[in-house]
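We have chain A already, so just place chain B on it with the hints.
Protein sequence lines correspond, in order, to chains A and B.
Residues 111 to 617, numbered by this note's numbering, are exactly what the first sequence covers, in order.
Residues 111 to 617, numbered by this note's numbering, are exactly what the second sequence covers, in order.
Treat the hints loosely; a few may be bogus.
Identical chains share a label here; the pair holds if one copy fits it or two copies do between them.
[Claimed, not checked] Derived pair list, reagent style BS3-like, types lysine-lysine, alpha-carbon separation capped at 25 Å:
#1 K147 x K546
#2 K204 x K546
#3 K400 x K196
#4 K141 x K188
#5 K196 x K496
#6 K573 x K118
#7 K213 x K244
I should point out that these hints are in silico values taken from the structure, not numbers from a laboratory.
Just so it is clear, the structure is predicted and the values come from calculations on it, not from any experiment.
Number of protein chains: 2
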Amino acid sequence: MTSLKTKKFDLNTERDFALINSQTLSNLKMKHSSYIKVKSDSAEIMCEIIATENLIEPELIGLKESSIKLLNIKKDQKVSVYARRKPASLEHVKNKRIGSVWKENQIRSIVNDICSGQYTDLEISMFTLAQFYKGLNMDEIQFLTSSMSEYGTTIDFDEPVYDKHSIGGIPGNKVSLIIVPTVAAAGLLIPKTSSRAITSPSGTADTMEVLCDVNFSADEILEIAPKTRGMLVWGGTLDLSPLDEIVIHRVEQPLGIDPHSQMLASIFSKKVSTGVDYLVLDIPTGEGTKMPTKEDAINYAHEATELGRRLGIQIEGALSYGEQPLGKAIGPALEAREALNVIMGKGPTSVFEKSAELAGILFEMAGLAQPGQGASLASDYIEKGKTKEKMEEIIGVQGGNSTVTPDDILVGEYTATVTAPKDGYIVKLSNSTIKKIAFAAGAPKHKVSGVYLHKKLGDYCAKDDELMTIYSNSEGRLTEALNLSMNLSPYILEGMIIKRISSGPKV
Amino acid sequence: MTSLKTKKFDLNTERDFALINSQTLSNLKMKHSSYIKVKSDSAEIMCEIIATENLIEPELIGLKESSIKLLNIKKDQKVSVYARRKPASLEHVKNKRIGSVWKENQIRSIVNDICSGQYTDLEISMFTLAQFYKGLNMDEIQFLTSSMSEYGTTIDFDEPVYDKHSIGGIPGNKVSLIIVPTVAAAGLLIPKTSSRAITSPSGTADTMEVLCDVNFSADEILEIAPKTRGMLVWGGTLDLSPLDEIVIHRVEQPLGIDPHSQMLASIFSKKVSTGVDYLVLDIPTGEGTKMPTKEDAINYAHEATELGRRLGIQIEGALSYGEQPLGKAIGPALEAREALNVIMGKGPTSVFEKSAELAGILFEMAGLAQPGQGASLASDYIEKGKTKEKMEEIIGVQGGNSTVTPDDILVGEYTATVTAPKDGYIVKLSNSTIKKIAFAAGAPKHKVSGVYLHKKLGDYCAKDDELMTIYSNSEGRLTEALNLSMNLSPYILEGMIIKRISSGPKV
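Next comes chain A alone, as it looks inside the complex:
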């Protein structure tokens, strides 16, 4: 152990670093790019060492502002510096190689060590890739889920909690904005926490934020939700599952992987943390989704329901059609507008129907409708304006304008419309390409950006009919998005041959 005086350094990196003079490092027998523990009276962080000859004086330690904040120290205050020891739980991780099944206490120690900052990024990848390459059995997934939720914030209501969750994978899936007010209108408690976009042009939280605030503390949710019966908030501020944030940020996104077991544990740890009792699970299925085949989706649904059973959550999985975007609008503002339209009886049938089906399943679980009758009851709520009334109430308590209309919602001022190059039926409308175009236009960061689809799968187009309109907040982004749509052609029209290449006449 040694004591070094802190100096704030104007460098920014994802991880914590410690800038130390090479002479001091040599005295401490430490090397750059290795890890140390830095400890104050109230906290401890792990830092990667950056060495310098002259940028910092000997006996000082340079830290970035956020590290100083974490350590809760004042200017010039001394911190203790230790060599870092590898966490013992790493041995359990390694044992996956020989097929070991992780025990409950082993999983808990891994989760605790990762959440308390004991693992390097490489070690977190070793844990995540153990799941990716070897998989976990149902016991392990259950223990991982419980450990993850134990480490996070818990929100306890003293009555049954209902919830809807989608595993994601298709753009335009704004149904939560219709399901939550419908279910709440029937008096069921549905305090839905949702994510911002990770790989989609708009997460439910991004879409709802167009209409009102989505940042609420656990205490605020506990106070408001029992009265309104429903809320739509961002889960990110609540720290429901710290491991999830770490693993997603540091390994899954950089490597572009989403191990099955981690995906299940991620979803269900948050459900456990928020005290969910009844859950309808939307599983979009089909090419271009997370579940390319029906078998994948059915297996997943079986696992999810089994995991729910073990955790005391009653679950119904619903395989939904996922071969094209849902509805016509993609991007936060466009989706919020479409959701309001549906609530007012003016939106696309597909969004209306999917919302009513999923809400109806919760009605059946709650005993408010006979099996098979839930969707019709939910449709009633929407058609008779009860959903609209409840949505206005929720928007109001979440600090938005409760009398907002679809036309009030601003969308991107720069627009371009893509038309059909020839006559034909639309035989393909690619989820992934539509996402890319929406990203290029600026979604989800720029809420007014997105894509509006005039035509969907199976529709007939005459040459020059409008296929889609791109909305953007900037002319440059609009051009980028338009170029992308020209190159990638999200729509495929039957019989459309783009180019014929001939070998020339036979000699």
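What follows is chain B alone, placed relative to chain A:
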């Protein structure tokens, strides 16, 4: 793409970094901690972005000295900065999850992409952990080996090349210093490249370096070796297997793993690169080695010989006793001294015998001795002074003092001797603890540091008999090493009870 003016920055990290002003980053739509490509006229590197508000001006890029050297640019010269694209070969890596068998061209593209700096550390870990968790089949190991050697330097002799390799795992294994001159004395060509210590207190290159230079270029080896018939050089300068260096440094050492397939490919890629035709493979076996059981070692030997067959290398694997350090000396100078003693007929029998056995196997492979007679021929070479004469020649051409004697070799001036706490037979002498003590004393960095074992397994000790002497270059390190030996007790004497703890009399 954008152009930024280079500025040298006094920061040191393992990886290349790019220090960029936050304003510039925002203009470029880039984020700190993401990766960019930096390109000069002659080279291209991948850098992790560090952001700063004030430490660097807008439109500049801060690089460390070694990055500037790699890019071969002058002061203030401009470089091109690109967003980094993920290498396509990553998809092959990922497919290991579903049990894909890597094809030859897939492995080649992975190896090329890693060696040319296209992979981040996390991505290299994904490749290494695919091997760790899933394993490779023999075809894949063969392709990996070939691809690794293709990427490195090749040394081609126009006559058969002999070699000895140890997979390592026990301290004190200085037999190469006896085998090489013995085999060369018989006229066989044995231009041995070896490593420095990775996890041991002295690698063969470290030990040889006590006697002479070990840094030679491929051209120098091609010129010298055919004349002397033998050399003992460090392989590190030769760049025989660039992938190996990258994987060991960036993933295997930090995570403390050594996947089986990677270990085989690592060894054999260098053998292919140096044109080895006949190889004797020393496989130390027993508790505390890399091959804890005889079955492990036999399986390994079968795999190695099969891999050799496919690569055109004739191999004989030799399981050797590895439950305690080999000989009495551990640490570069002490080991060099012991090797010279053995060559002069004064060293420990175990080192003499193991050296003669392994050299003898090469004699049999070369047809110089009948099966089973090689060891006795090798013993003759040592006993009749031919090994000594050849070693003096090799030391001479490698720039050392060819008339060096064991007593000329300096060892640590700070010494401490550990004695037996009571009478008894030595029933255990721990490889790993002896290693730790030698490390604490300063080996392999400080060549004079190490441990000398007065007693070995099975020896009888009277109380206060000398067990071992620790040598160090510094008083502080000596104390550390001595404390460690007190705490960890490398020797266990039969019947020795250190302490009795009683619950007290029954009430």
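(message) Let me make sure I understand: some of the numbered hints might not hold for this structure. Which ones are they, in numerical order?
(response) 5, 6
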